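Engineer: Sequence:
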Amino acid sequence: MKSAKTGAVSGCLIWFIVFGVLSFCLAPAGMMIGGFTSVTGFAMQTLEPLICPDGTTAKSRSYATITTDEYGNSQPSTAYVMQCVDANGNVVKEDPVLYAFIWVGIISVTGLLLAAVLAFVFAAPAGVLIARLFKRKQSGMMAENIEPR
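Here numbering that gives the first Met the number 0 is used: position 93 in the sequence shown is 92, and no number is missing along the way.
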């Protein structure tokens with residue numbers, strides 16, 4: 000029974016390590032993908048029920064603006080806002096930031112869920128690899144400690 004408990008604890012530890020390594024890659028990738036795709040029609044359709052009032056449609060509007068670079072110089076830029084438009088074409092609500100934060104969060108959480116699933120897939124092979132590495136070190140150390148008679 001003790002070996003089963005040890006195996007479960009070590010399996011969980013290996014899963015957390017694999018999850019950490021995978022999420023170290025997939026969470027920033029999800030944030031980057033979410034940032035690039037936040038102005039797509041799919042993002043607008045997905046976030047429309049969350050942000051727009053009933054009876055309105057979400058649309059993306061872009062406009063030219065100016066931003067400041069790291070040296071304090073003004074640079075031309077493009078900004079995007081989500082507009083909730085009613086049937087007559089009137090803008091009922093305009094959201095410049097919240098929709099992007101929600102969208103990037105959704106994509107990042109999707110990346111973390113993918114990391115969790117992949118951690119289950121790769122935990123067993125990682126455990127076997129770690130066990131082989133430790134077994135090789137232990138057998139090597141035993142052979143080195145044997146003194147001739």
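Since the hints were derived computationally from the structure, they do not count as laboratory data. A couple of the hints might just be wrong.
Here are the computed lysine to any residue pairs in the SDA-like style, where the Cα-Cα straight-line distance is at most 25 Å [as the list claims (entries may be wrong)]:
1. Lys58 <-> Ala123
2. Lys92 <-> Lys134
3. Lys92 <-> Ala123
4. Lys134 <-> Ala114
5. Lys58 <-> Gly40
6. Lys58 <-> Val80
7. Lys58 <-> Asn87
8. Lys58 <-> Asp85
9. Lys92 <-> Thr55
10. Lys92 <-> Phe119
11. Lys58 <-> Ser73
12. Lys58 <-> Gly71
In this text, all values refer to a predicted model and were calculated from it rather than measured experimentally.
Engineer: If a hint holds in the structure, say so; if it doesn't, say that too.
Structural biologist: Comparing the hints with the structure gives:
Our distance criterion of 25 Å between C-alpha atoms is broken by Lys58 and Ala123, whose separation comes to about 46 Å. Between Lys92 and Lys134, the direct Cα distance comes to roughly 64 Å. Violation of the 25 Å bound is thereby established for this hinted pair. A threshold of 25 Å between alpha carbons decides the hint, and for Lys92 with Ala123 the separation of about 50 Å lies outside it, so the pair is violated. Between Lys134 and Ala114 the CA atoms are separated by roughly 28 Å; this puts the pair beyond 25 Å, and the hint is violated.
Pair hint Lys58 plus Gly40 holds up; C-alpha atoms about 8 Å apart against a cutoff of 25 Å. A hinted pair counts as satisfied when its Cα atoms are at most 25 Å apart, and Lys58 with Val80 qualifies at roughly 8 Å. For the suggested pair Lys58 and Asn87, the alpha carbons sit about 14 Å apart, so the restraint of at most 25 Å is met. Distance hint between Lys58 and Asp85 is fulfilled; the C-alpha atoms sit about 11 Å from each other, no more than 25 Å.
This hinted pair checks out: Lys92 and Thr55 have alpha carbons roughly 9 Å apart, not beyond 25 Å. The straight-line distance between the Cα atoms of Lys92 and Phe119 is roughly 43 Å, outside the 25 Å bound, and the hint therefore fails. Between Lys58 and Ser73 the CA atoms are separated by roughly 28 Å; this puts the pair beyond 25 Å, and the hint is violated. Only pairs whose Cα atoms come within 25 Å are accepted, and Lys58 paired with Gly71 is rejected, the gap being roughly 33 Å.
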